[in-house]
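*Asks:* Read off the chains here:
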Amino acid sequence: GQSLEQPSEVTAVEGAIVQINCTYQTSGFYGLSWYQQHDGGAPTFLSYNALDGLEETGRFSSFLSRSDSYGYLLLQELQMKDSASYFCALSDKLIFGTGTRLQVFP
Amino acid sequence: GAGVSQSPSNKVTEKGKDVELRCDPISGHTALYWYRQSLGQGLEFLIYFQGNSAPDKSGLPSDRFSAERTGGSVSTLTIQRTQQEDSAVYLCASSLAGRGHRNEQYFGPGTRLTVT
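Chains as they are written, first to last, in the working numbering: chain A, 1 to 106; chain B, 1001 to 1116.
None of these hints come from the bench; they were simulated from the model.
Pair ranges (Cβ atoms, derived):
#: 1; chain 1: B; residue 1: A1054; chain 2: A; residue 2: E9; range: 32 to 42 Å
#: 2; chain 1: A; residue 1: L51; chain 2: B; residue 2: K1015; range: 44 to 54 Å
#: 3; chain 1: B; residue 1: T1070; chain 2: A; residue 2: G58; range: 30 to 40 Å
#: 4; chain 1: A; residue 1: V13; chain 2: B; residue 2: S1009; range: 32 to 42 Å
Owing to the predicted nature of the structure, the values given are computational and were not obtained by experimental measurement.
Cβ coordinates follow ideal geometry from the N, Cα and C atoms, glycine included.
Could you put the whole structure together from the sequences, leaning on the hints where they help?
*Replies:* Okay, structure coming up:
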């Protein structure tokens, strides 16, 4: 079947850099998206990769490698407000990953 | 501008009752999605509407679930004969572009359904 796997939890300190990985098993897709969800809130769109390589949006960057069936979200200069769950998603197949809970400590 | 709105925000119902959940997408967004999220879990796709095309119902878990979208705008998700395992947060999203594109989805606040 089709699935997206992510680490369940990642912890880091303010100011650090953290990478959240997403590995997938699927045949053919248009692009990989990333969403952020704070506790009790709705998911919000962060980034999208249609092509292999790095997409940079401020402190957040996302990477895709189709040959490795792998992508990641890179968060730099971590802030306390970045504590949330992060989901990768196959945009056309409407499949979301298992989600990674990021906890940022002072 | 106004975002995606959903109502009710919370719904408690007895097992066996029917419920209707409403979603008002962002004006002009042709694509509308319904997802279900259990506590601490990821998003489970339910149904997708794109313009006037036939909806993709492949994610609906059983025939107790149905949805419609009237006039290409408001959508209603109906769950008949609710079961306790239907308890979850039901999220609606809309996007300007359809699936297969950079379909940046805008999510509503969700409806928390509790079946007792």
